[in-house]
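Visitor: Protein chains in written order, with numbering that gives the first Met the number 0: chain A, 0 to 481; chain B, 0 to 101; chain C, 0 to 117.
There may be inaccurate statements among the hints.
[Said to hold, decoys possible] Only part of the chain A face toward chain B is listed, based on derived beta-carbon distances under 10 angstroms:
#: 1; residue: L126
#: 2; residue: R149
#: 3; residue: M158
#: 4; residue: S168
#: 5; residue: G183
#: 6; residue: S192
[Said to hold, decoys possible] Restricting the straight-line Cα-Cα distance to at most 20 angstroms, the calculated cross-link-like pairs of lysine to any residue (SDA-like) are:
#: 7; chain 1: C; residue 1: K110; chain 2: A; residue 2: L24
#: 8; chain 1: C; residue 1: K54; chain 2: B; residue 2: L87
#: 9; chain 1: C; residue 1: K111; chain 2: A; residue 2: A37
#: 10; chain 1: A; residue 1: K35; chain 2: C; residue 2: K54
#: 11; chain 1: C; residue 1: K61; chain 2: B; residue 2: Y88
#: 12; chain 1: C; residue 1: K61; chain 2: B; residue 2: V68
#: 13; chain 1: C; residue 1: K111; chain 2: A; residue 2: R103
#: 14; chain 1: C; residue 1: K110; chain 2: A; residue 2: V402
#: 15; chain 1: C; residue 1: K111; chain 2: A; residue 2: Q33
#: 16; chain 1: C; residue 1: K54; chain 2: B; residue 2: N28
#: 17; chain 1: C; residue 1: K111; chain 2: A; residue 2: D29
#: 18; chain 1: C; residue 1: K61; chain 2: B; residue 2: R86
#: 19; chain 1: A; residue 1: K35; chain 2: C; residue 2: W109
#: 20; chain 1: C; residue 1: K110; chain 2: A; residue 2: E105
#: 21; chain 1: C; residue 1: K54; chain 2: B; residue 2: A79
#: 22; chain 1: C; residue 1: K111; chain 2: A; residue 2: F31
#: 23; chain 1: C; residue 1: K61; chain 2: B; residue 2: Q89
#: 24; chain 1: C; residue 1: K111; chain 2: A; residue 2: L27
#: 25; chain 1: C; residue 1: K61; chain 2: B; residue 2: L87
#: 26; chain 1: C; residue 1: K111; chain 2: A; residue 2: V10
#: 27; chain 1: C; residue 1: K110; chain 2: A; residue 2: V23
#: 28; chain 1: C; residue 1: K61; chain 2: B; residue 2: L30
#: 29; chain 1: C; residue 1: K111; chain 2: B; residue 2: T75
#: 30; chain 1: C; residue 1: K110; chain 2: A; residue 2: D29
#: 31; chain 1: C; residue 1: K61; chain 2: A; residue 2: E105
#: 32; chain 1: C; residue 1: K61; chain 2: B; residue 2: I82
#: 33; chain 1: A; residue 1: K35; chain 2: C; residue 2: V103
Read the hints as simulated data drawn from the structure, not as lab findings. For every residue, glycine included, the Cβ atom is placed at its ideal position computed from N, Cα and C.
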Amino acid sequence: MRPQLPTLDLVPLYPLLVVTGWAVLVLLADLFVQHKRALGYLALTGVIVAAVVTVALWPGVPTSFQNMAISDGQALFFNLVFLVTGALGLLVAIEYLERKDLQRGEYYALLMFSLAGMIAMAAAEDLLIVFLGLEMMSVALYVLSGSNQRDMSSIEAAMKYFILGSFASAFFLYGIALTYAAAGSTNLAQIGSWLSGRGIPKDPVALTGLSLLLVGFGFKVALVPFHWWTPDVYQGAPTSVTAFMSVGAKAAGFATLTRVLYSAFSPTFTTDWVTVAAVLAAVTMTFGNLAALVQRDVKRLLGYSSIAHAGYVLVGIAAASPVGVRGMLFYILAYAFMTAGAFAVACAVERREQSTTTLADYAGLAQRSPLLAAAMLLFMLSLIGIPPLIGFWSKLFVFRAAVEANLAWLAVLGVLNSALSAYYYAGVVVQMYLREPGRSPAEEVAFRPWRSALAVAVFLAAAATVVLGLWPGAVVNLLMGV
Amino acid sequence: MQDVPTTWFLLLGAILFTIGAVGVLVRRNILVMLMCIELMMNAVNLTFVALGRELGSLTGQVVVFFTIVVAAVEVTVGLAILIELNRLYQTADVDEVAGLKG
Amino acid sequence: MLIEFIPVLVLFALATAIAVIALVLPAFLGPRRPSRAKIETYESGKLPYGDARYKVPIGYYKIALLFVIFDLEVIFFYPWAVVLRQLHVFGLIEMGIFTALLVVGYVYEWKKGGFEME
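Excised from the complex, chain A in its bound form:
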């Protein structure tokens, strides 16, 4: 007897295969290349190749790999976000690691593996693949956050991230088990059709499974009240790692969260998760902004700010409409440029012997390095949501979707929160432009575009913040096809 052999349909998985294969290549090259900086550029080449492949697949391939993976427009868009983040993360790391005397080959290989996990998450059409992608991403990130072995806070961050991350993974896994119990399948589309096809409107087992999955996601994307690890980890990890994971891990979490909610738990459970998402969004953005107000450490401040932004993104999901999804996608792209850019500046300002930067380190930055200060100013304004920068449009789209979905209170709360956030973002700007530099100013790298990799990263992020802010239509047109 010959069982039916799987039909190999690898086309939708090309981006994933390129990134994974390239990661292995970087790993092997590490054994023979003495000049570790070259490995960073090798990895960067891989990211660019994967981006080209992703664009070539646009607007999506309908077929999938045994119904386990899908490369529709949404997955490809997320791929681009991940690859952009990866490229920025690599550019930042190449220089940062050199300066910190941490230049090692496995850093680049691990970053690529983490990227592969994110891509797998965005393309997953089966909860098992979601779990595998999640673990591939997380485990690589645990190691990356502890990659500065001489620094206590780096190891501490790695340990905290690891304990809470795997704790969350266990919840996530139990959620998968209960969903499987309710629907008899781990395939998202099959779960969706089974749950909506059955007579019982609210299967308690499926509801429990959904809540456990939400707890798992809540940890991964740092929603209040599952956010406690975030500031510690973002502050303790090497800044180049923070720049990468603050965006990548969050985007990947939202990519899967959207898919799980919209395809598996819709429409039967829509009213349930809309309520939960709206409440979580409200709590998350309010708490994130309030906690950020009192921070003196810039990495920690940006950590709380990233919690607040997770809340804004969740507003788009709570809208439960195509408009909301598009708003969310736009928001994540904007968030990628703004946050990765801000952390890249933090990398540049950081002293050699420290692993973090206080607000005082930014005092007088405008005099010492005007271009760097200007870039940070752009990121801060964009994070507040000042027009015409990209952050304004992202908030506009998300809040408009909320209003259309009869969640006007959430939109109002979001706007109030943005006003609140202006206070601490402006604090950074005040330090840079109005304060005199301290007695021993931080030794930020001279900002020379096209001369240093870090400067290139800052420049690219700043350019995207402005250009996509002036012409948001380019992205919106792209998203209409999703």
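With the hints as your guide, set chains B and C onto chain A.
Guide: Then chains B and C, alone, in the frame of chain A:
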């Protein structure tokens, strides 16, 4: 001889998972916390196998294969981080590892 | 039915009872004259030496961790082996890719000096 009903396995899985979850929250030794996370993972494995048998589908067992490996990878990475932590702090108590605050 | 498990239960009870009797009875009946040789830890005939708790070199843990990883990857060979005949060449190629990836990890570990005890 009659089979043990699936409910019992599910119940055992739920109990073990809860013990693990409470253990992570209550215990302060990182090694014990690691063991508790392992316990949670294995409780889910038990649930998956029991469900796979009940539903007559292979998915449950296939998932377990992957989970076992993922759990092992997690624990390996966790222990490696713990060794580093021990090298720097000479402790495995989470309360003594609290440099990052605010 | 549960009634079928009663013999097992009886066996459990018997085993426990015998163990308890064997431990409790001598305490009442036999004379007790402890000497150095008698109270020493029993090591199957070898003379005990040193403390049971001592620091193991860190290289030992490293190799143990690597062992866990490579040991567990073998788990994927089992389902593959069951359907090896049906999968024909396809299965062979798939396993070839899998093994190649494992070898990459092995070579990496080897070249990086992961197997050396320092």
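Visitor: For every hint, state whether the structure bears it out.
Guide: Comparing the hints with the structure gives:
1. L126: holds (8 angstroms)
2. R149: Status holds, d = 9 angstroms.
3. M158: Check passed: Cβ of A/M158 comes within 5 angstroms of chain B, closer than 10 angstroms.
4. S168: The hint holds - A/S168 has a Cβ within 10 angstroms of chain B, the shortest such distance being about 7 angstroms.
5. G183: Holds - the Cβ of A/G183 comes within 10 angstroms of chain B, reaching about 5 angstroms at its closest.
6. S192: A/S192 check fails; min Cβ-Cβ to chain B is 16 angstroms, beyond 10 angstroms.
7. C/K110 - A/L24: With a Cα-Cα distance of about 15 angstroms, the restraint between C/K110 and A/L24 holds, given a limit of 20 angstroms.
8. C/K54 - B/L87: Status holds; Cα separation ~16 angstroms.
9. C/K111 - A/A37: holds (18 angstroms)
10. A/K35 - C/K54: Between A/K35 and C/K54 the Cα gap is close to 35 angstroms, so the pair fails against 20 angstroms, i.e. violated.
11. C/K61 - B/Y88: holds (19 angstroms)
12. C/K61 - B/V68: Satisfied, since the Cα-Cα distance of roughly 18 angstroms is no more than 20 angstroms.
13. C/K111 - A/R103: Holds, at roughly 12 angstroms.
14. C/K110 - A/V402: violated (59 angstroms)
15. C/K111 - A/Q33: holds (13 angstroms)
16. C/K54 - B/N28: It holds: about 18 angstroms lies between the C-alpha atoms, which stays within 20 angstroms.
17. C/K111 - A/D29: holds (9 angstroms)
18. C/K61 - B/R86: Since the Cα atoms of C/K61 and B/R86 sit roughly 14 angstroms apart, the hinted pair holds (cutoff 20 angstroms).
19. A/K35 - C/W109: holds (19 angstroms)
20. C/K110 - A/E105: Distance of about 13 angstroms is within 20 angstroms: holds.
21. C/K54 - B/A79: holds (17 angstroms)
22. C/K111 - A/F31: The hint holds at about 11 angstroms.
23. C/K61 - B/Q89: OK: C/K61 and B/Q89 at ~18 angstroms, within 20 angstroms.
24. C/K111 - A/L27: holds (11 angstroms)
25. C/K61 - B/L87: holds (17 angstroms)
26. C/K111 - A/V10: Violated - the C-alpha atoms of A/V10 and C/K111 are around 35 angstroms apart, more than 20 angstroms.
27. C/K110 - A/V23: holds (15 angstroms)
28. C/K61 - B/L30: Holds, because 16 angstroms separates the two Cα atoms, which is no more than 20 angstroms.
29. C/K111 - B/T75: OK: C/K111 and B/T75 at ~18 angstroms, within 20 angstroms.
30. C/K110 - A/D29: holds (10 angstroms)
31. C/K61 - A/E105: holds (17 angstroms)
32. C/K61 - B/I82: Roughly 9 angstroms between the alpha carbons, so the hint for C/K61 and B/I82 holds.
33. A/K35 - C/V103: holds (19 angstroms)
Consistency with the previously given hints fails for numbers 6, 10, 14 and 26, ordered from lowest to highest.
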